[in-house]
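*Asks:* When the letters of the sequence shown are read in order and numbered with the UniProt record's numbering, they come out as residues 1 to 282.
These are calculated hints, taken from the structure and not from any lab test. All of these numbers come straight from a predicted model, not from anything done at the bench. Even for Gly, the Cβ is constructed at its ideal location relative to N, Cα and C. Be aware that one or more of the hints could be misleading.
Stated by the list, open to error - No farther apart than 20 Å at their CA atoms in a straight line, the calculated lysine to any residue pairs in the SDA-like style are these: (1) K140 <-> D3; (2) K219 <-> H275; (3) K129 <-> K90; (4) K180 <-> M200; (5) K273 <-> E259; (6) K219 <-> L274.
What the hints assert, rightly or not - Per label pair, the in silico range of CB-to-CB distance: (7) G188 <-> V147: 28 to 34 Å; (8) E143 <-> P277: 18 to 24 Å; (9) G112 <-> P240: 23 to 29 Å; (10) E144 <-> R76: 25 to 31 Å; (11) P240 <-> F89: 43 to 49 Å; (12) S252 <-> P82: 42 to 48 Å; (13) G112 <-> P82: 20 to 26 Å; (14) G257 <-> D142: 14 to 20 Å; (15) K90 <-> T123: 42 to 48 Å; (16) E164 <-> E19: 39 to 45 Å; (17) E272 <-> P171: 24 to 30 Å; (18) V160 <-> K54: 14 to 20 Å; (19) V53 <-> E144: 21 to 27 Å.
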Amino acid sequence: MEDWIQYYATPGLMTELGEHSLLFNGLPTDIPTLCGIVQGLILHLHWAERYGVKLSEERRQEANLRRVSRQLSRIRELDENPLTTARPFKRRIVGTCRDYSVFLSAILRYQGIPARARCGFGTYFTPNKYEDHWVCEYWKADEERWVMVDAQLDQFQRDVLSIEFNTFDMPEGQFLSAGKAWELCHAGKTDPESFGIFDMHGMWFIGGNVVRDLLSLNKIELLPWDGWGFMPRYEQQDIPLEDMELLDRVASVTLAGNEAFSEVHSIFENEEKLHLPPGWEL
């Protein structure tokens, strides 16, 4: 396995561009401008009505497009302008927090900058709740650290949510990775029922995000609602002990930092329960 800097600086299955590789040529390199470009292309599924857009069921299905290459095809179908041109809300592709984060990761990887989407929970959507969320991390070489970015939050959302922190370099604690949430809740330090979204919450939900975060660290960025096999599900309120132990291990690996790079891959490759079903990416 190559070193982690090279690994995260190159596309994966979800972030390779295919026939659209030239669309990222000449894009700016500063993070605030790139976030603005991403925000001008994507309309959040659950924020659409606040922007005055009532989505048809057909349009809502755009949020099921996993690959950036397929998203780019749809973006071009909706509006052929350069990617730097912000689309009217009705002509933006429909997505979720995952898509803002993965799309920004794809741009940064195209530019040779190590980047990865992280699955976990945001603290800034609902008071006293940890809401299901994705962010992007990129490696800032001159400071030798991962910088966390919430690419979803445009000025409108920041105003609605009264967000005052820097969304382009987020302070610690605003977003909790799934592994951190699992660790806190399993130790009894935080109530697992405060983690989730809508009517879905609890350890089973956190466990699903732990798996999603591990896979994202392997450049396999699942959809927020993907779930099969080992991943805990809504109807599975009680997680078997052996699965709890595996989730403990997975959470620990995702929290261990750059030195655990090889473990991030080996646990995914060697644990059959973490393998994905044939055709899952279609």
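*Asks:* All the hints need checking, so say for each whether the structure fits it.
*Replies:* Results for each hint:
| no. | hint | verdict |
| --- | --- | --- |
| 1 | K140 <-> D3 | holds, 16 Å |
| 2 | K219 <-> H275 | holds, 14 Å |
| 3 | K129 <-> K90 | violated, 31 Å |
| 4 | K180 <-> M200 | holds, 19 Å |
| 5 | K273 <-> E259 | violated, 24 Å |
| 6 | K219 <-> L274 | holds, 14 Å |
| 7 | G188 <-> V147: 28 to 34 Å | holds, 31 Å |
| 8 | E143 <-> P277: 18 to 24 Å | violated, 40 Å |
| 9 | G112 <-> P240: 23 to 29 Å | violated, 43 Å |
| 10 | E144 <-> R76: 25 to 31 Å | violated, 38 Å |
| 11 | P240 <-> F89: 43 to 49 Å | holds, 45 Å |
| 12 | S252 <-> P82: 42 to 48 Å | holds, 44 Å |
| 13 | G112 <-> P82: 20 to 26 Å | holds, 21 Å |
| 14 | G257 <-> D142: 14 to 20 Å | holds, 19 Å |
| 15 | K90 <-> T123: 42 to 48 Å | violated, 31 Å |
| 16 | E164 <-> E19: 39 to 45 Å | holds, 42 Å |
| 17 | E272 <-> P171: 24 to 30 Å | violated, 39 Å |
| 18 | V160 <-> K54: 14 to 20 Å | holds, 19 Å |
| 19 | V53 <-> E144: 21 to 27 Å | violated, 42 Å |
Checked against the numbered hints above, the structure breaks hints 3, 5, 8, 9, 10, 15, 17 and 19 and satisfies the rest.
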